[in-house]
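*Asks:* Here is what each chain is made of, one letter per residue.
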Amino acid sequence: MHALLTLILSFAGALACGLMPAGRARQIRWVALAFASLGLLTALHCALRYGGSGVADEVDWPWIPSLGARLAFGYDGISLPLLLVTGLVAVCGVLFTWELKERANEFYAYYFALVGGVYGVFLSRDLFLLFVFYEIAVVPKYFLIAIWGGTRKDYAAMKLVLYSFAGSALVLLGLLGLYFGANASTFTLQELSQASLSAPLQYVVFPLLFVGFAVLAGMWPFHTWAPTGHVAAPTAASMLLAGVVMKLGAYGCLRVAIGLLPLGAKVWAPWVAALAVVNIVYGALVALRQTDFKFVIGYSSVSHMGFVLLGLATLTQTGLTGAVLQMFSHGVIGALLFALVGAVIYSRTHTRQLEEFHLLIARMPVIAWVFILAGLASMGLPGFSGFAAELHVLMGAWQSPWVSAGLVVLAGAGVVATFGYTLVKIHEAFFRPRVASGSSDKEGLYEPMTAAEIAGCALLLGSSLLVGLFPSLLTDKMQASLKLIVDRLNEAR
Amino acid sequence: MTLNHYLVLSAILLGIGLLGVLTRRNIIVVLFSIEILFNAANLNFIAFWRFGPNPEALMGPMFALFAIAVAAAEVAVGLALVIAVYRHFKTVDLEKLDTLREP
Amino acid sequence: MNVMLYSMEIAMVLSGLGILMLDLGTPARGKRDLGYLAAFLMSLLLLQSVFMPEVQDGFSLLSSGHSITEGPGYKLDAFARYFKHLFLLAAILVLLMAVDFAGTLRARLAEFFALVLFALTGMSAAASATNFITLFVSIELITVSFYVLTSFQRGQMRSLEAGVKYLILGAAASAVLVYGIALVYGATGSMEFAALGKACPSAEHDHLLRLGLLLVIAGLGFKIAAFPFQIWVPDVYQGAPAPVTAFLAVGSKAAGFALLMRLCHHLRPDLRELTLTVLAALAGATILYGSLCALRQRNLKRLFGYAGIASAGYLLLGLLALNAQPGASPSGAQGCHAMMFYLAGYLIAVMAAFTVLCHLDGEDEDLSVLAGLHARSPLLATVLTLSVVSMAGLPPLMGFLGKFLLLQSAFEVLSPHPAQLWLMVVALGGVVISLYYYFGILRAIYWGGGISPGRPAGESEAITVPPLARLLLIACGLILLWVGIFPQALLEWLGDAVALFR
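Chains as they are written, first to last, in the numbering used here: chain L, 299 to 791; chain R, 49 to 151; chain G, 705 to 1206.
Keep in mind that the hints were calculated from the coordinates and are not lab data. The reader is advised that the hints may include incorrect statements.
To be verified - With beta-carbon atoms standing in for the labels, derived distance ranges: (1) L:P498 / G:K902: 39 to 49 Å; (2) G:G734 / L:S483: 53 to 63 Å; (3) R:E104 / G:A898: 57 to 67 Å.
Said to hold, decoys possible - Computed, partial: chain G to chain L, Cβ under 8 Å: (4) E1116; (5) V1136; (6) L1139.
Keep in mind the model is a prediction, meaning the values are calculated, not measured. Every residue, glycine too, gets a C-beta built ideally from N, C-alpha and C.
Chain L extracted, bound-state conformation (with noise of 0.2 Å):
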């Protein structure tokens, strides 16, 4: 199957679940279901035929001529992984959000018009198109969240779309002065890898891209829109933000700002990573310190994407292929917990202060124990996929030049305190008696699992567990796709 497949698949399925009368909450969840598996189903298939080389299902259509922007699409070894956890994670955000009933067309309208923009992103090979895919996502962000979101969605939603659109201001801003500066005339990215971008303004632009992405990426000290914004979404589009739309930064960063722009890269790469430890520890602290159990999680995100980002600064093979493995990790495991916290434990103690919760573990012995796994999973456990993401991301970094050992150090120091906060947080979740009083909460055992529910945990958990035991079944995909950037970084002077 053609990976743009993903793409037609996604906005076919908003336009069929727009037009689907709102009553119907039946028929639409199985249609969203039907399209979201296909867009899942697609890009696994592109998975397995992907050789390990080169840019897959190229197509290249003219599109704006005198902009110099083509409709370009195709995917590469750093695409794939982020494709596949797109759909993975939209095929389990329909899952775990199996009960809306709620103006049900509109919500998976929205649904997958965000999941369309995520796929356009990655697919894209012209950066003007990829620029458009980035903004498309707005507004289904801003409708999911302020229409069924919860605590504070209006401030929440108003953040996020105000936050990743000056980050897009910042991004248009470094891709005109890419586009002039490059004069070539044309947006495709791979003439602009060609054109020779002198060093003055490499320095100049390399900011605006990083930061501008790096934004959505919840890079400190503009990560405040992530916390707040995953807390107040629903769970399916807090799963989405999490796992695939922090992902579009930490992308943009990779393919844009390090692809093509080494000069640039190679001297803000310091800066870059000395904002990647705070990101992780500061993360991890704060964390800590929260008793809203799903703004736990909301940091926990942006301690990951410390990684991500700290994993990008290394500019080394390693470095690099750690981030990518850790955007597909954090993708799997941040949309998991978020499921787990906003869906499956929400909806039968309705509460998410932890102080409230009382003795879950035997009273939801099942969920605990998958919410344990996916907590251990998150904190890096040997045989999960964050454990070789994060081990790939420090070696790199030891190895990397231009991370000082320090700050290693320090993110290593991260490491131990996400492990802290994990065992603090399930500690509190599920093996402490209530300690706030006056709670509504019924004793007695909750309902089990339903079977929507459980699939949604075995497909995440079980990616995460498959690629934490084979981790060369993605490394070894992207290798090549990596060594091209690392290789233009090496060359350039």
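Assemble chains R and G onto chain L, guided by the hints.
*Replies:* This is chains R and G only, laid out in the frame that chain L set:
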């Protein structure tokens, strides 16, 4: 009388007109001031034409005629509006027209 | 004299007069049909000029032996024709909107339709103007028609008040414009725009020319609602009947920009240094002022007024390219290209938004009239969403590419002077700020804090939209989307229209 005399006079008229538009509150007085503004410009046209390099081309007076006609149209509409306003608001004071303003 | 040069304007005026004559014999019930007739006539004119442009260029009835001015002051080139198409399209949509709006306008419908046609004539003439006489007459034709249109709801205080405010400020601006033209005439001895490209006889003349030029820009700045000449906009937009506001927002503004483009095209290189600085400052201030003031508005027409001010600022960015030194990259054509594309998208979006407004039942156009719109009429909600998102400049709608092209051309003009890149920061900041108020509208549509207690219970009833309006709304939405995704056809067409700026 040189060109400059006319230009200075016209500038003075412009100043009077602008002052009137900006400071007076009676709509009718403001309409007067606008007339003065137009006439300042018309005076310029005539002066530039008369002292210009080729007075045979009648562009200056022609534009002045256009401007007079247009100013007449504006004032006609303006007076009609003033009457309508007076019927509703019982005033021709601009400051009293304040149903539309910043929230 | 070549009558065919003016054939479109003649047809417009005759249609307007015809409507007035027919009014005499039309019973009160049939007055609305005159609006359909006017729209139909204008559609014919639009189709004729799109598909048979050569008829207009055809033959000349009288050869001009000698005339008082050097030329006809009038050009019917591809540029003019593009703007005439835009104005015709806008007028058709406004006329149809006004027919649905007739219940609120109450009396004297035929005069309303006729005045729309007269304003259209002015705009159409402005697109062709190449000397100051045509410029002045066409601008005044537009403005005087709008004085009456604005105050058309004589029974409503706010409409009258808006009319008075527009009249006083508009007349003062016209006077300043005339004064500026007088100075330019004194300096160059000619009424032609082309004379702006020639050297002045002496240094004093040159000073006179610069002063006159600034006054002319100020006068036109009033029409396009650029800061600091925008003070009339919020009150007039709010007070005028909705179709008039839409026409004012699109037609009057586009006419001003068409004139500015023609004017700037002829400027001498050393004058361009001055105008570039002035226009850049105007653009930055206009964007900031419009975006910031729009933040706290709750009246929809007022909100669109401020948003329109900000749009004028973005359009001014495109004008910068025309004021760059000749031979520099980009050519003026590129800036005009961007402006004309943006104007097309802006026209569709504004017309769609105001058509939706006309079908809402609130008298005061407060944001709360949108509450629950998605349930009451999914069509209106969707089209308004598309139009607002397009105005906000998000893909894949027309507004995105328009803004992108404008920013791109401004970036290229300013990049040789890094100190002036502040304007880019301001412009992009304005885009980010604008999301706040545009998304406020979306919020009001889809989950706006419920219905205020004072409203009648019937509020949540479905809104029925007449079939023709429904068709138009769907067409507007589809155009915004289709041209946004596949802009090449329009861009190529524009390529011919801007050929004169190359």
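*Asks:* Could you work out which earlier hints the structure fails to respect and list their numbers in ascending sequence?
*Replies:* 3
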